[in-house]
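Full structure from sequences and hints, please.
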Amino acid sequence: MTMNTQKHIRELTFSQAVNEAIRQEMRRDPAIIIMGEDVAGAAGRAYLGLTEAWGGPLRATRGLFSEFGPERVLDTPISEMGFMGAAVGAAMTGLRPIVELMFVDLIGTCYDQLMNQAAKMCYMMGGQIHVPMLIRIPYGTHGGPYDTSGGGPVYGGGAAAQHSQTLYSVLAHIPGLKVVVPSSAYNAKGLTISAIRDDGPVVVMEHKALGSAARGHVPEDPYTFPLGRAVVARSGKDVTLCGIGRMTLVCLEAADMLASDGIDVEVLDIISLAPLDETTILESIKRTRRLVVVDEDTPTASMARDIAARAADKAFDWLIAPVKTITSENTPVPFASVLEAHYAPRSDQVALVASELVRNKWRR
Amino acid sequence: MQLETKKSMPREQLLWVYQRMTLIRIFEEKLRELIQSGVPTGPVHLYIGEEAVAVGVCAALKQSDWISSTHRGHGHCIAKGVDVRNMMAEIFGKSTGTNHGKGGSMHITDFRVGMLGVNPIVGSGPTHAVGAALTSKVLGYDRVAAAFFGDGASNIGAIHEAMNLASIWKLGVVFVCENNFYADATPIEYALAGGSIVNRASAYGMPGIRVDGQDVFEVWEAAVSAVTRARAGQGPTLVECMTYRYYGHHQGDDPLRYRTAEEEEGARRRDCIDHFRGRVLTEGLLKVSDLETIDAENQRLVLEAVEFAESSPLPEQAELHSDVYSPDFS
Numbered sequence: 001m002t003m004n005t006q007k008h009i010r011e012l013t014f015s016q017a018v019n020e021a022i023r024q025e026m027r028r029d030p031a032i033i034i035m036g037e038d039v040a041g042a043a044g045r046a047y048l049g050l051t052e053a054w055g056g057p058l059r060a061t062r063g064l065f066s067e068f069g070p071e072r073v074l075d076t077p078i079s080e081m082g083f084m085g086a087a088v089g090a091a092m093t094g095l096r097p098i099v100e101l102m103f104v105d106l107i108g109t110c111y112d113q114l115m116n117q118a119a120k121m122c123y124m125m126g127g128q129i130h131v132p133m134l135i136r137i138p139y140g141t142h143g144g145p146y147d148t149s150g151g152g153p154v155y156g157g158g159a160a161a162q163h164s165q166t167l168y169s170v171l172a173h174i175p176g177l178k179v180v181v182p183s184s185a186y187n188a189k190g191l192t193i194s195a196i197r198d199d200g201p202v203v204v205m206e207h208k209a210l211g212s213a214a215r216g217h218v219p220e221d222p223y224t225f226p227l228g229r230a231v232v233a234r235s236g237k238d239v240t241l242c243g244i245g246r247m248t249l250v251c252l253e254a255a256d257m258l259a260s261d262g263i264d265v266e267v268l269d270i271i272s273l274a275p276l277d278e279t280t281i282l283e284s285i286k287r288t289r290r291l292v293v294v295d296e297d298t299p300t301a302s303m304a305r306d307i308a309a310r311a312a313d314k315a316f317d318w319l320i321a322p323v324k325t326i327t328s329e330n331t332p333v334p335f336a337s338v339l340e341a342h343y344a345p346r347s348d349q350v351a352l353v354a355s356e357l358v359r360n361k362w363r364r
Numbered sequence: 001m002q003l004e005t006k007k008s009m010p011r012e013q014l015l016w017v018y019q020r021m022t023l024i025r026i027f028e029e030k031l032r033e034l035i036q037s038g039v040p041t042g043p044v045h046l047y048i049g050e051e052a053v054a055v056g057v058c059a060a061l062k063q064s065d066w067i068s069s070t071h072r073g074h075g076h077c078i079a080k081g082v083d084v085r086n087m088m089a090e091i092f093g094k095s096t097g098t099n100h101g102k103g104g105s106m107h108i109t110d111f112r113v114g115m116l117g118v119n120p121i122v123g124s125g126p127t128h129a130v131g132a133a134l135t136s137k138v139l140g141y142d143r144v145a146a147a148f149f150g151d152g153a154s155n156i157g158a159i160h161e162a163m164n165l166a167s168i169w170k171l172g173v174v175f176v177c178e179n180n181f182y183a184d185a186t187p188i189e190y191a192l193a194g195g196s197i198v199n200r201a202s203a204y205g206m207p208g209i210r211v212d213g214q215d216v217f218e219v220w221e222a223a224v225s226a227v228t229r230a231r232a233g234q235g236p237t238l239v240e241c242m243t244y245r246y247y248g249h250h251q252g253d254d255p256l257r258y259r260t261a262e263e264e265e266g267a268r269r270r271d272c273i274d275h276f277r278g279r280v281l282t283e284g285l286l287k288v289s290d291l292e293t294i295d296a297e298n299q300r301l302v303l304e305a306v307e308f309a310e311s312s313p314l315p316e317q318a319e320l321h322s323d324v325y326s327p328d329f330s
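If you read the sequences in order, they're chains A and B.
Our numbering applies: residue 1 is where the first sequence begins, and numbers increase by one.
Our numbering applies: residue 1 is where the second sequence begins, and numbers increase by one.
Quick caveat, the hints were computed from the structure, so don't treat them as lab data.
It is possible that part of the hints are untrue.
[To be verified] SDA-like, lysine to any residue: derived pairs with alpha carbons at most 20 Å apart: (1) Lys170/B to Gly69/A; (2) Lys170/B to Asp261/A; (3) Lys170/B to Pro70/A; (4) Lys170/B to Arg45/A; (5) Lys62/B to Gly94/A; (6) Lys170/B to Ala43/A; (7) Lys137/B to Gly69/A; (8) Lys170/B to Glu37/A; (9) Lys94/B to Gly69/A; (10) Lys94/B to Gly44/A; (11) Lys137/B to Gly44/A; (12) Lys94/B to Glu37/A; (13) Lys62/B to Gly69/A; (14) Lys137/B to Tyr223/A; (15) Lys137/B to Asp264/A; (16) Lys170/B to Gly44/A; (17) Lys170/B to Ile78/A; (18) Lys137/B to Phe68/A; (19) Lys137/B to Gly127/A; (20) Lys94/B to Lys137/B; (21) Lys137/B to Gln128/A; (22) Lys170/B to Pro77/A; (23) Lys170/B to Ala46/A; (24) Lys94/B to Arg45/A.
Quick look at the structure:
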């Protein structure tokens, strides 16, 4: 990789990084197409001089239509079941579709195509076919006021129960689907490229609040980021905080707060929900002997409790404190900002739980 | 849409049509007998009675074209050219099956002959056919996709979304509705608003053709015109084939709990294979000896398939964990 030939360090937003990943891959491989609702916008209105009204709800696909045209950048009608199924059929027969579901809350309209079709084709057909498709799905809530800064409307804040959910556990639950959750512009680009190149269906969950807000160094040349791998985002010896997506940033904030109290926190960025990198999690627990899992999804049958159960099962001998999980409330996402602010895990809450875990004496 | 009447089918194709229709019939009658004798197969949905639909449509396709299928898929598989030995082995759960014993009757698939998979999630297959036709368009292939579905599926949203997408993108899809009058145990007159499936085609801006699905010539003529249109880039067509399944929804289902013996007898009097034999013999297109040769050969093929399936090994236990994911790209 010749990533550091630039004189200054190049920064992109999360959405710009995803956009660059898709653009570079589409230049490399003519079998890659992108489809979804308003991935361009103003479909068929070029005769009025109107094209690319949107470029996706998070503006992550802006400019792709101009470069690759209507045959490879397909605005779909509002018909998730139909176009998700078409993507599966296209993937089985030679294309490599990138499909954008506008929000994860819409998963119910096309869940069959992911859960019964894409996920299971390779297995139930005895390995004779593959379904190389990337499914991009925005998720999450702000837990704060509506944010109008950045490159377009940022959904999440105040979007209530049907436009703010996380729900990745219902995808990670299905054998055959790979599910990853980037936390930064850097890993968003690498994971997007890896997901495009993978020969099976890969879901990339993109937190709405990170789209324009998460900025960071992103090398210009294409690079991959391993699917199925967690990373140590910050090393420490007293307690492990596991974060997923935006919650990794919440964990890092909590780690800063705890550092001033003399608590040395290790933060794991789980990144891949399926397959889950159990090794990295268990190794971290061996170092710190304490675990807190922070998950923006609702608690029942969640990734947080799945990770906690694996720790209890496989790291019992090393743990010197109970495993804690911090999740969103077990309620639909509320509308009023005063309620929404208390819905998803916050850094002060994480810091409090972690410090109690370190300070208390636990009987073994 | 008006059909030109009586396209003539070449002799080779007449022989092929008869061979495929009767192979489906014999294969499934044998399978039914085996199930009744206790061979474990999992759920099986017999196609018997509807043979003219699958064969008439596939007679209009090339091997490189694709089909999507339904839960009642054995007929589609045989018509598209899947080897009956591997089919039988799959139904028996053997490692030599089309899917290496990982799919069973409800998932038989063979990509080598363009068979995109038997698919028991009603309505799902046609969306895959739309995707296949999209592949053909984007990559510039000369391949079309036929999507089989039942009258039951005509009421699920996926079908309507598939038809809308295929139509706005002018994709080479032939939507083939096998109207056998029953969705499981629910009669069509109860379930179908508007009283017509073929009329729904106009709502999606595509031609709709209704044919007698017991007459393989009619099915074939309609399919040829739909495939021609699809291949020319003019978009999809809906072909509704009026047909009948002789047995229950699944093997073991008693259809007399929701339909009458008189109705069944009436349908059997319009048997597609009898109809074909009658016509080709009356018109002197084929000789009795032609048909007898094929009958004997089919008997042999089916017995060989059963023998192959019975003598094939079961999957190794390690296969439980294989192919959950596609191989890593790296």
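Against the structure, test the hints numbered earlier, and report the numbers of the ones violated in rising order.
2, 9, 10, 12, 13, 14, 15, 19, 20, 21 and 24
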